[in-house]
Amino acid sequence: GESVGLHLPTLSVQEGDNSIINCAYSNSASDYFIWYKQESGKGPQFIIDIRSNMDKRQGQRVTVLLNKTVKHLSLQIAATQPGDSAVYFCAVLKPGKTGAGSYQLTFGKGTKLSVIP
Amino acid sequence: DTAVSQTPKYLVTQMGNDKSIKCEQNLGHDTMYWYKQDSKKFLKIMFSYNNKELIINETVPNRFSPKSPDKAHLNLHINSLELGDSAVYFCASSQDRGGYSSYNEQFFGPGTRLTVL
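Residue numbers (my numbering), protein chains in the order written: chain A, 50 to 166; chain B, 18 to 134.
Only chain B is shown next, with the shape it has when bound in the complex (with noise of 0.2 Å):
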């Protein structure tokens, strides 16, 4: 059974249109994050929910807008893309919101590659 499972795999849309992602976990766990990875590899942290509540909301366009309809899910709306949102976006989950004492594993989607044209 997937873990962590996105939809869709991949994403080809025209500049200006509005998109979607779905992230479910069927691992019992309370927190979520969007990761986005950009063509360097480089790995960063958009967003993160903790049983639906929004915990870490980085520097990201008012264009990104996160959705926990439970705590199983966690879908990532974007409007108006533009070329630089091309990239590969990662789910992820953990069993809770961690910390120093907590245990940290965070467990990732296979990642949505979105190309923006």
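Bound-form chain A, shown alone (with noise of 0.2 Å):
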């Protein structure tokens, strides 16, 4: 079955650094990743995906890279800020169990980035 796991259940950054947060996963099969932040008291909020056949995507301060050699895959936060502050998941997406055409999103057990000022 799918495991998604992350590396660090705790990520201490000092304000202005970079954050690097890891996540593996257990199927070689797994085609499309998702990264989401949730800050206290809030639901998940989308930061970015990638399909497998990217092994990098950019967005606004965000990377992801993906490595499927080693089913691996990371964020990285730039010039963290104290905002950055939250639990971040990886999210897998794979067929769900009921249903033809369903699909579900495997959430890993999150990574709180503490960020210092």
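Because the hints were derived from the structure by calculation, they are not lab data. Just so it is clear, the structure is predicted and the values come from calculations on it, not from any experiment. Be a bit skeptical, because a hint or two may be false.
[As the list claims (entries may be wrong)] Dumping the calculated EDC-like pairs for lysine to aspartate or glutamate here, alpha-carbon to alpha-carbon at most 20 Å:
| id | chain 1 | residue 1 | chain 2 | residue 2 |
| --- | --- | --- | --- | --- |
| 1 | A | Lys158 | A | Asp133 |
| 2 | A | Lys105 | B | Glu75 |
| 3 | B | Lys57 | B | Glu99 |
| 4 | B | Lys57 | A | Glu88 |
| 5 | B | Lys69 | B | Asp102 |
| 6 | A | Lys143 | B | Asp47 |
| 7 | A | Lys143 | B | Asp113 |
| 8 | A | Lys158 | B | Asp55 |
| 9 | A | Lys91 | B | Asp55 |
| 10 | B | Lys58 | B | Asp102 |
| 11 | B | Lys39 | B | Asp87 |
| 12 | B | Lys36 | B | Asp102 |
| 13 | A | Lys158 | B | Asp102 |
| 14 | B | Lys57 | B | Asp102 |
| 15 | A | Lys161 | B | Asp55 |
| 16 | B | Lys53 | A | Glu88 |
| 17 | B | Lys61 | A | Glu88 |
| 18 | A | Lys91 | B | Glu75 |
| 19 | B | Lys58 | A | Glu88 |
| 20 | B | Lys58 | B | Glu70 |
| 21 | A | Lys105 | A | Glu88 |
| 22 | B | Lys88 | B | Glu99 |
| 23 | B | Lys26 | A | Glu88 |
| 24 | A | Lys91 | B | Asp87 |
| 25 | A | Lys161 | A | Asp66 |
| 26 | B | Lys53 | B | Asp102 |
| 27 | B | Lys58 | A | Glu64 |
| 28 | A | Lys91 | A | Asp133 |
| 29 | B | Lys53 | B | Asp35 |
| 30 | A | Lys143 | B | Glu122 |
| 31 | B | Lys69 | B | Glu41 |
| 32 | A | Lys143 | B | Glu75 |
| 33 | B | Lys61 | A | Asp133 |
| 34 | A | Lys158 | B | Glu122 |
| 35 | A | Lys158 | B | Glu75 |
| 36 | A | Lys161 | A | Glu64 |
[Stated by the list, open to error] Partial list, derived from the structure: chain A residues whose beta carbon lies under 8 Å from chain B:
| id | residue |
| --- | --- |
| 37 | Tyr81 |
| 38 | Ile83 |
| 39 | Lys91 |
| 40 | Gly92 |
Glycine included, C-beta positions come from ideal geometry on N, C-alpha and C.
Could you use the hints to bring the two separately framed chains together as a complex?
In structure tokens:
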């Protein structure tokens, strides 16, 4: 089955430094990955996604790297700000168990990023 | 305007009671979801509806019953509440049921914190 994990449960970073959050997945056939950010007391919020035909994708201050050989992806946040403090989840898309044509996201356990001012 | 809204935000109740959580989205999306997040922040899908049709039904006790009166609403009714049901429940929606060639961003509501005493 699919499992999605994170290497570190917590990460503390100095404001202005770059942050790197890692994620490992188990199914080599996994095709589509999403990073979500969850601030305290709020629902998860989409950050960036990447398909398996890419190894890098950039957004505003964020970059996702995908290494299919070792089944690993990472989220890099440039010039980390206090507003980046949150729990970050990687999620992998897979077919749902019920019903043809359904897809679901399997979320990893989350990494809590704390930004030190 | 709130895209995905849930009521109530907090719900405290006794074991054995029956309760409902309501969810509404004004994004015009076809697909809605219920997730459960435990105390360790683990986020797991429970149900998904596409245009009022159940398409994902994970291993969830029969005491949980989703109801979708229309594609903008997905309510969750829980019978005979147990201590282990205490968690934060998130509703989410997406443009469609997703897939490897689709746009898979899910928009999450603010969550309902359920505490069973």
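Hint check:
1. Lys158/A - Asp133/A: Answer holds: Lys158/A to Asp133/A is near 18 Å, not above 20 Å.
2. Lys105/A - Glu75/B: Not satisfied, since the Cα-Cα distance of roughly 32 Å exceeds 20 Å.
3. Lys57/B - Glu99/B: Holds. Lys57/B to Glu99/B sits at ~18 Å (cutoff 20 Å).
4. Lys57/B - Glu88/A: holds, 14 Å
5. Lys69/B - Asp102/B: With Cα atoms ~25 Å apart, Lys69/B and Asp102/B exceed 20 Å; violated.
6. Lys143/A - Asp47/B: At roughly 19 Å apart (the allowed maximum being 20 Å), Asp47/B and Lys143/A satisfy the hint.
7. Lys143/A - Asp113/B: Holds. Lys143/A to Asp113/B sits at ~15 Å (cutoff 20 Å).
8. Lys158/A - Asp55/B: holds, 10 Å
9. Lys91/A - Asp55/B: holds, 14 Å
10. Lys58/B - Asp102/B: holds, 14 Å
11. Lys39/B - Asp87/B: holds, 12 Å
12. Lys36/B - Asp102/B: Cα-Cα ~11 Å, so holds.
13. Lys158/A - Asp102/B: Satisfied, since the Cα-Cα distance of roughly 19 Å is no more than 20 Å.
14. Lys57/B - Asp102/B: The hint holds at about 14 Å.
15. Lys161/A - Asp55/B: Between Lys161/A and Asp55/B the Cα gap is close to 15 Å, so the pair holds against 20 Å.
16. Lys53/B - Glu88/A: Measuring from Cα to Cα gives roughly 16 Å; hence the hint holds.
17. Lys61/B - Glu88/A: holds, 18 Å
18. Lys91/A - Glu75/B: violated, 24 Å
19. Lys58/B - Glu88/A: holds, 12 Å
20. Lys58/B - Glu70/B: Between Lys58/B and Glu70/B the Cα gap is close to 28 Å, so the pair fails against 20 Å, i.e. violated.
21. Lys105/A - Glu88/A: violated, 25 Å
22. Lys88/B - Glu99/B: violated, 29 Å
23. Lys26/B - Glu88/A: Distance ~16 Å between Lys26/B and Glu88/A Cα, so the pair holds.
24. Lys91/A - Asp87/B: violated, 25 Å
25. Lys161/A - Asp66/A: holds, 16 Å
26. Lys53/B - Asp102/B: Since the Cα atoms of Lys53/B and Asp102/B sit roughly 9 Å apart, the hinted pair holds (cutoff 20 Å).
27. Lys58/B - Glu64/A: violated, 24 Å
28. Lys91/A - Asp133/A: holds, 14 Å
29. Lys53/B - Asp35/B: holds, 17 Å
30. Lys143/A - Glu122/B: Holds, at about 14 Å.
31. Lys69/B - Glu41/B: holds, 13 Å
32. Lys143/A - Glu75/B: Distance ~13 Å between Lys143/A and Glu75/B Cα, so the pair holds.
33. Lys61/B - Asp133/A: violated, 23 Å
34. Lys158/A - Glu122/B: Distance of about 19 Å is within 20 Å: holds.
35. Lys158/A - Glu75/B: holds, 18 Å
36. Lys161/A - Glu64/A: holds, 15 Å
37. Tyr81: Because about 6 Å separates Tyr81/A from the closest Cβ in chain B, which is inside the 8 Å limit, the hint holds.
38. Ile83: holds, 7 Å
39. Lys91: holds, 6 Å
40. Gly92: holds, 3 Å
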